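Enquirer: Add chains B, C and D to chain A, keeping to what the hints say.
Line by line, the protein sequences give chains A, B, C and D.
Just so you know, the numbering used here puts 106 at position 106 of the first sequence, and the rest follows in order with no gaps.
Just so you know, the numbering used here puts 198 at position 198 of the second sequence, and the rest follows in order with no gaps.
Just so you know, the numbering used here puts 137 at position 137 of the third sequence, and the rest follows in order with no gaps.
Just so you know, the numbering used here puts 146 at position 146 of the fourth sequence, and the rest follows in order with no gaps.
These are calculated hints, taken from the structure and not from any lab test.
Nothing here was measured: the structure is a model prediction, and the numbers come from that model.
Treat each hint with caution, since some may be false.
Identical copies carry no separate label here, and so any pair may be met within one copy or between two of them.
[As the list claims (entries may be wrong)] Subject to a maximum C-alpha distance of 30 Å in a straight line, what follows is the list of computed DSSO-like cross-link-like pairs (lysine-lysine):
| # | residue 1 | residue 2 |
| --- | --- | --- |
| 1 | K178 | K221 |
| 2 | K202 | K224 |
| 3 | K150 | K47 |
| 4 | K224 | K47 |
| 5 | K202 | K47 |
| 6 | K65 | K150 |
Protein chains: 4
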Amino acid sequence: MKIIVDRKNRKYVVHDKEFHTEKGVIPEEDIINATVGDVLETHMGKKFTVIEPNINDYIELMKRKCSILLPQDLGLITAFTGIGYGSNIVESGTGAGSSLLFFANIVGPEGHVSSYEIREDFVEIIKENIDGTDFNNITLYNQDVTEGFKEEDNSIDMVFVDLPKPSEVIMDAYRILKTGGFIAVYTPYVEQFQIVNIVLGKAGFKHITIREGNVREIEIKNNKTRPNSRMAGHTGYITFARKI
Amino acid sequence: MKIIVDRKNRKYVVHDKEFHTEKGVIPEEDIINATVGDVLETHMGKKFTVIEPNINDYIELMKRKCSILLPQDLGLITAFTGIGYGSNIVESGTGAGSSLLFFANIVGPEGHVSSYEIREDFVEIIKENIDGTDFNNITLYNQDVTEGFKEEDNSIDMVFVDLPKPSEVIMDAYRILKTGGFIAVYTPYVEQFQIVNIVLGKAGFKHITIREGNVREIEIKNNKTRPNSRMAGHTGYITFARKI
Amino acid sequence: MKIIVDRKNRKYVVHDKEFHTEKGVIPEEDIINATVGDVLETHMGKKFTVIEPNINDYIELMKRKCSILLPQDLGLITAFTGIGYGSNIVESGTGAGSSLLFFANIVGPEGHVSSYEIREDFVEIIKENIDGTDFNNITLYNQDVTEGFKEEDNSIDMVFVDLPKPSEVIMDAYRILKTGGFIAVYTPYVEQFQIVNIVLGKAGFKHITIREGNVREIEIKNNKTRPNSRMAGHTGYITFARKI
Amino acid sequence: MKIIVDRKNRKYVVHDKEFHTEKGVIPEEDIINATVGDVLETHMGKKFTVIEPNINDYIELMKRKCSILLPQDLGLITAFTGIGYGSNIVESGTGAGSSLLFFANIVGPEGHVSSYEIREDFVEIIKENIDGTDFNNITLYNQDVTEGFKEEDNSIDMVFVDLPKPSEVIMDAYRILKTGGFIAVYTPYVEQFQIVNIVLGKAGFKHITIREGNVREIEIKNNKTRPNSRMAGHTGYITFARKI
Chain A
1 MKIIVDRKNR KYVVHDKEFH TEKGVIPEED IINATVGDVL ETHMGKKFTV
51 IEPNINDYIE LMKRKCSILL PQDLGLITAF TGIGYGSNIV ESGTGAGSSL
101 LFFANIVGPE GHVSSYEIRE DFVEIIKENI DGTDFNNITL YNQDVTEGFK
151 EEDNSIDMVF VDLPKPSEVI MDAYRILKTG GFIAVYTPYV EQFQIVNIVL
201 GKAGFKHITI REGNVREIEI KNNKTRPNSR MAGHTGYITF ARKI
Chain B
1 MKIIVDRKNR KYVVHDKEFH TEKGVIPEED IINATVGDVL ETHMGKKFTV
51 IEPNINDYIE LMKRKCSILL PQDLGLITAF TGIGYGSNIV ESGTGAGSSL
101 LFFANIVGPE GHVSSYEIRE DFVEIIKENI DGTDFNNITL YNQDVTEGFK
151 EEDNSIDMVF VDLPKPSEVI MDAYRILKTG GFIAVYTPYV EQFQIVNIVL
201 GKAGFKHITI REGNVREIEI KNNKTRPNSR MAGHTGYITF ARKI
Chain C
1 MKIIVDRKNR KYVVHDKEFH TEKGVIPEED IINATVGDVL ETHMGKKFTV
51 IEPNINDYIE LMKRKCSILL PQDLGLITAF TGIGYGSNIV ESGTGAGSSL
101 LFFANIVGPE GHVSSYEIRE DFVEIIKENI DGTDFNNITL YNQDVTEGFK
151 EEDNSIDMVF VDLPKPSEVI MDAYRILKTG GFIAVYTPYV EQFQIVNIVL
201 GKAGFKHITI REGNVREIEI KNNKTRPNSR MAGHTGYITF ARKI
Chain D
1 MKIIVDRKNR KYVVHDKEFH TEKGVIPEED IINATVGDVL ETHMGKKFTV
51 IEPNINDYIE LMKRKCSILL PQDLGLITAF TGIGYGSNIV ESGTGAGSSL
101 LFFANIVGPE GHVSSYEIRE DFVEIIKENI DGTDFNNITL YNQDVTEGFK
151 EEDNSIDMVF VDLPKPSEVI MDAYRILKTG GFIAVYTPYV EQFQIVNIVL
201 GKAGFKHITI REGNVREIEI KNNKTRPNSR MAGHTGYITF ARKI
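Only chain A is shown next, with the shape it has when bound in the complex (with noise of 0.2 Å):
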């Protein structure tokens, strides 16, 4: 599998077999020789660069039923959690499955992501979009999740949680978590955290910080430098907490 750029930056997936484009044909064989940075052409002209891959082309590409997490949030929690290869992340629910990519992005063969998610037609497109990478370190469970989590005590550096009722997941993430280890709570809600937030404590959990990022692009335009006036007023808030 290779991702392929035009000149006007839209991005395809090409599997080594022809490519059938608009403005003509990509040769089976011109995709199998291609390395990162050779230019294609189709037999009419048309020319596509193709680029070293990365987690977020996969996510833009990939199939879905549901909104995603905006990266600027995955970066926070990545940042505070301070996840890193090798970790072994626990998220409810997979949802889109775009943290699911971008985590186990991150943590490697040497870390595991396991994902819960109840909806079984999620499910099936997040396994599509799984079939179409090389990661191997991923467990997806069609599961109710408040039936409990699978991982043994103590095992885990990170649990992800972005469901409409948060709570029901937090005492058995506590259980799960290395001493040291974090939870990060994403909510749209206000009353979402606050409930969060009381059981979290509950727990056992300390340092709970509530956290709202956000992102403001600035752009140039003749020389003329100003902020974007189009700018997501809210996202999500994210609640951290470590076992400790």
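Expert: Same frame as chain A, but now just chains B, C and D:
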């Protein structure tokens, strides 16, 4: 090396020898035998918990002579460049070394971080800080980066620049990046990213996007919820661009 | 002239004559006799409430050919320059006239607002808009403001500038301001306020402060509270300075 | 009463008598004869400029026992309720009196501000502060506002509420407001505006909108531009609603 935490959440690094505190001593044997989750006690009864150390714990505890990048900015860089395990990263300058440790923790043993720092006194401190860790995927150059990166053409996934005059390294960053690779340039000032924006374009970079992130903490005290009135109004702008 | 509101919160200006709606007619007599709080009804039964008109109602209902300053920015200017009833204000350019009406409503009959606008088509529309109001404390100049303000030295409390090249009027603004008076310069772009900042200093202004305000709406739906995801990421920068 | 400013921008109120400074005395006669823009000098040569006083100068110089509303919030209230000269305003509680003076300065002699404050010690200080001004459009009630506003039905343009339990006055605020009039409720906490939102609806208010404003200063030093890193992360939420 282990990290222990007291009841007031103060963290200490302990090595495999007797540890002296204001309230007594923890014997060498106890420290050597301790595993994550264990509680250690001084002869005067003060208690410490051994925690699974986190990259942020190391960064918090390391010596430094200059300010560090905040987690939210490291998170933005990670999220929007899509780095992960196995990524090859070059950064310049090293500064306090917080981004160096943060990236090294993500790319893992299959990846690598090369870091360039012109100031010898900074390099000395960073070396000490690295010695206290297990990272063996770091190369530190005490070098004026305007002499050029030592890396080969098309070999790097992400170049991170945090220099007073970032433009001086942009052409060479383009050279060493893979097609599809990203540059991220951190600058506190508007005038800096305005120049960076122009030079990135001239160097051939595409998808130039300037972002400013900020994070607000929400506090809940006595069942009263409000954003914290203390907040960093600005850390820096991060300019992202892709070699494509 | 009265303002009436239907059940869907659509506002209409009615004058002392029959008012035709899609759902019937309100007789002239009913309109003439109506006072604030009365409910008027068409012969087909559609109901309207007569409200105490507000300056924002006028601004919302007035014709315009260009974008208007948002209330949050008018509020910042009012608050940080400390204008009130009786203040003498000069503004340039008039634009859609929203700031003109807003300021005229604050300074009242003991104050005055002079407004300079170079475009004749804008001036025509604004004149129509003013004719529909009771304001008699407004002077509108269809003039290139670089020819100089007509006001006397040391006579004005606040000068508001919303021009593509605000620097052209700063020297003359200093002349007409009282000692202790304020200038407020609205600019969408960074490059503009950078020049304004220098020129204000050269003109003799003190306490130069550049401010950027923004407003986020919080929504509560079905007992769920969250900031609205739609938000203006940027309107403009306002540079304040004082003649002192 | 006049306001004078020294070269370091420190402001002083002077009355029609000799003024003593650390660096000498300004004679009574000089003060009496001085007009705006004049420079006064002590016998030791220290210079002061007489400025056109601004409502913010008064607020800055007044005594107080509690924190004050910031200009940006007073600006939001002014802008979104559309108050102006001649408006009739009721506020509760008075607190430090900054909003009282700010509103009195806007509504002028044709308008009026009634302010209710339960704490006698606050009222004493505010009375002193008002005595130093020319305002004769203010009525101050040292009264528990839950006993009800003294104003007549349908007589008020805007009610401003800044109380720990704002809901207690909302029904009565509805009574005294004109049809088309606004209420603005300032609350630091989420839990407060959640209750306010419900009670406003029950009282019959429409167009309930909760807003949070913030202001960031931009600094330019040595030709380097950046937002100030110090910033108020939160002052309060303002809930607006209209009687319609």
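Enquirer: Would you pick out the hints that fail for this structure and give their numbers low to high?
Expert: 3 and 4
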